[in-house]
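Anchor point for the sequence shown: position 93 equals 93 in the numbering used here, and the numbering is continuous, going up by one each time.
Wrong hints could be hidden among the right ones.
As the list claims (entries may be wrong) - Straight-line distance between alpha carbons at most 25 Å, and here's what the computed DMTMM-like set of lysine to aspartate or glutamate pairs gives:
1. K102 / D58
2. K102 / E65
3. K282 / D218
4. K122 / D134
5. K102 / D144
6. K282 / E217
7. K102 / E179
8. K171 / D204
9. K120 / D144
10. K306 / D337
11. K102 / D134
12. K417 / E405
13. K102 / D163
14. K171 / D287
15. K417 / D433
16. K102 / D89
17. K171 / D182
18. K282 / E250
19. K122 / E179
20. K102 / D82
21. K306 / D248
22. K120 / D89
23. K282 / D248
24. K282 / D348
25. K120 / E179
26. K120 / E60
27. K171 / E217
28. K306 / D218
29. K102 / E71
30. K306 / E250
What the hints assert, rightly or not - Computed spacing ranges between beta-carbons, pair by pair:
31. T310 / R175: 15 to 25 Å
32. L124 / G270: 49 to 59 Å
33. T310 / A350: 41 to 51 Å
34. A136 / G174: 32 to 42 Å
35. G270 / S63: 24 to 34 Å
36. A350 / R413: 23 to 33 Å
37. T310 / S104: 19 to 29 Å
38. R86 / G399: 50 to 60 Å
39. H153 / S184: 38 to 48 Å
40. G399 / R309: 54 to 64 Å
FYI, nobody ran anything at the bench for these hints, they're computed from the structure.
Think of the CB as a built atom: it goes at the ideal place given N, C-alpha and C, for glycine as much as any other residue.
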Amino acid sequence: MSQPMIALPATDPTPIVTRFAPSPTGLLHVGNVRTALVCWLAARASGGRFLLRLDDTDTERGSAEFAAAIEQDLLWLGLGWDGFSRQSDRTGRYQAALDRLKQSGRLYPCYETAEELELKRKSLLARGLPPLYDRAALALTDADRARLEAEGHRPHWRFRMADGPVEWQDKVRGRVHFEGRDISDPVLVREDGRALYHIGSVVDDAEMGITLVVRGEDHVANTAMHIQLAEALGAVPPSYAHTSLIADAEGHGLSKRLGSLSLRSLRGEGIEPMAVASLLAKLGTSDPIEPRLSLGQLAAEFDFAKFSRTTPRFDPAELQRLNSRILHETPYAAVRDRLAALGLGAVDEAAWAVLRPNLQRLDDAAGWWRVVTGPVGPVVADAALLEAAAAVLPPEPWGDATWGEWTAAVRDRTGIKGKPLFLTLRLALTGLDHGPELRGLLPLIGRERVAARLAGRAA
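Working from the sequences, and respecting the hints, build out all of it.
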């Protein structure tokens, strides 16, 4: 005998309990990562709980590797969960719910083939009518069904929608209204006996105490059906928030462009997790997109009232800019271990303060550290100026004031100042015409290397 469903309150309690329920059929991309992030922030902002639930019942397309990748990517982003489940472990609960729907007359068998259903759909569209299922299967007698099954037809099972209104107050879209009679009876069980997404989602949300479901606006019609399905199972539906779907920088949908926008690919490009979070948390809201160094900051600023129904645009160039700004503000303690993993254990807090304003990705630090430690092939633009600069090179120890004192002495000795002085010294000391401020770089390079480079020797 099946256990009763958990009936939830009619309005969201505080704290919120929400969930992210991806299918492990591919890598997480920016679209579904945004949903996960919004779920996590909504839960944390209310002091609530965030659950991870893998919809892993599609054994043909799903894989353990994708499931593991989802968990790894969420943890990389910092989205830890308070509870975890797999739908493949709960098929018995779904079957119990389906049995209840059959007993109540809300789930009925249909025997049309895919080709027959497609012909019906085209016929309705040709007449200017919505492609709703005509419920022809309800007219079948027991004898009809027995004959069809004897002929080898296996039924799919549809949920019978009630005719009344379906309404909810969406946290993003406001009041949403549907009429049940305008929604085609959805298939809950395929011909091969596999239960589809709808039943598992509704059963799990009810039994796991989910109080808020966040998903894309393309699921709005599904939500109307899910509300009726929950009520048919004796549960009170959760609250809903349907966010606008993300477009690219030109306003095109991302559906065919997500391969390069997986979280795994962004991570491989050296994008910081907080750059991703800072951008996705603010897309489609009234808040400006600015760098944040912690998810806690984003949670403190989170509010569904800030979300718009307009289509937000995901711009990789903006993500790159955010990435740089976050690195420029990141304290040494947050990157010390990562620097060591890059072979940059010698980069201390003082060196990090000098290098970070020039970083676009963390591994750029390796290139700038090579400028410090050498060997660097100096560019000699004015040998006489460099000789004069070497003659007044001060003794160590060097500090922040050394650069200013030294260049003043060179200016007094040669009469050269401004860009001709500073660029000539930069080219000799770094081999480049750009880079970290020499005021900070000079003490890191040290007097011995500086003197060698001024003399035109690689050091």
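Verification of the hints:
Of the pairs offered as hints, the one joining K102 and D58 holds, with about 23 Å between alpha carbons and a cut-off of 25 Å not exceeded. For the hint linking K102 to E65, the alpha-carbon distance of about 36 Å lies beyond 25 Å, and the restraint is violated. Straight-line distance between C-alpha atoms of K282 and D218 comes to about 20 Å, which keeps the hinted pair within the 25 Å bound. About 13 Å separates the Cα atoms of K122 and D134, which keeps this hinted pair within 25 Å; it holds.
Straight-line distance between C-alpha atoms of K102 and D144 comes to about 18 Å, which keeps the hinted pair within the 25 Å bound. Between K282 and E217 the alpha-carbon distance is near 17 Å, which keeps this suggested pair within the 25 Å criterion. Restraint check for K102 and E179: satisfied, since their Cα atoms lie roughly 23 Å apart, inside the 25 Å limit. For a cut-off of 25 Å, the pair hint linking K171 to D204 stands: about 21 Å separates their Cα positions.
A distance of roughly 20 Å separates the Cα atoms of K120 and D144; the hinted pair therefore holds under the 25 Å criterion. A C-alpha spacing of about 37 Å is found between K306 and D337, which places the hinted pair above 25 Å, so the restraint is violated. Taking the CA atoms of K102 and D134, the gap is near 19 Å; set against the 25 Å cutoff, the hint holds. Taking the CA atoms of K417 and E405, the gap is near 13 Å; set against the 25 Å cutoff, the hint holds.
Between K102 and D163 the CA atoms are separated by roughly 18 Å; this keeps the pair inside 25 Å, and the hint holds. The straight-line distance between the Cα atoms of K171 and D287 is roughly 17 Å, inside the 25 Å bound, and the hint therefore holds. Of the pairs offered as hints, the one joining K417 and D433 holds, with about 16 Å between alpha carbons and a cut-off of 25 Å not exceeded. Pair hint K102 plus D89 holds up; C-alpha atoms about 22 Å apart against a cutoff of 25 Å.
Distance restraint check for K171 and D182: the Cα-Cα separation of roughly 23 Å lies within the 25 Å cut-off, and the hinted pair is therefore satisfied. Our distance criterion of 25 Å between C-alpha atoms is met by K282 and E250, whose separation comes to about 18 Å. With a CA separation close to 23 Å, the supplied pair K122 and E179 stays within the 25 Å bound. About 34 Å separates the Cα atoms of K102 and D82, which puts this hinted pair outside 25 Å; it is violated.
The suggested pairing of K306 with D248 holds, with an alpha-carbon distance near 21 Å, which does not exceed 25 Å. In summary, the hint linking K120 to D89 is not supported, as the alpha carbons are separated by about 37 Å, beyond the 25 Å threshold. Of the pairs offered as hints, the one joining K282 and D248 holds, with about 15 Å between alpha carbons and a cut-off of 25 Å not exceeded. With a C-alpha separation of about 33 Å, the suggested pairing of K282 with D348 is violated against the 25 Å cut-off.
Of the pairs offered as hints, the one joining K120 and E179 holds, with about 22 Å between alpha carbons and a cut-off of 25 Å not exceeded. At most 25 Å may separate the alpha-carbon atoms for a hinted pair to count; K120 and E60 exceed this at roughly 28 Å. Between K171 and E217, the direct Cα distance comes to roughly 12 Å. Compliance with the 25 Å bound is thereby established for this hinted pair. Distance hint between K306 and D218 is fulfilled; the C-alpha atoms sit about 20 Å from each other, no more than 25 Å.
A hinted pair counts as satisfied when its Cα atoms are at most 25 Å apart, and K102 with E71 does not qualify at roughly 36 Å. Of the pairs offered as hints, the one joining K306 and E250 holds, with about 23 Å between alpha carbons and a cut-off of 25 Å not exceeded. In this structure the supplied range 15 to 25 Å holds for T310 paired with R175, their Cβ-Cβ distance being about 18 Å. Against the hinted window of 49 to 59 Å, the Cβ-Cβ separation of L124 and G270 comes to about 52 Å, which satisfies the hint.
Between T310 and A350, the C-beta spacing of about 46 Å keeps the proposed range 41 to 51 Å intact. Look at A136 against G174: about 37 Å separates their beta carbons, and that is inside 32 to 42 Å. Between G270 and S63 the beta carbon distance is about 27 Å. The supplied range of 24 to 34 Å therefore holds. Between A350 and R413 the Cβ separation comes to about 29 Å, which falls inside the hinted range of 23 to 33 Å.
Range check, T310 to S104: about 42 Å between beta-carbon atoms, so the 19 to 29 Å window is missed. Between R86 and G399 the beta carbons are some 59 Å apart, a value that agrees with the proposed interval 50 to 60 Å. In this structure the hint that H153 and S184 lie 38 to 48 Å apart at CB is violated, the actual value being about 21 Å. Separated by about 56 Å at the C-beta atoms, G399 and R309 satisfy the suggested range of 54 to 64 Å.
In summary, the structure is inconsistent with hints 2, 10, 20, 22, 24, 26, 29, 37 and 39 from the numbered list given earlier, while agreeing with the others.
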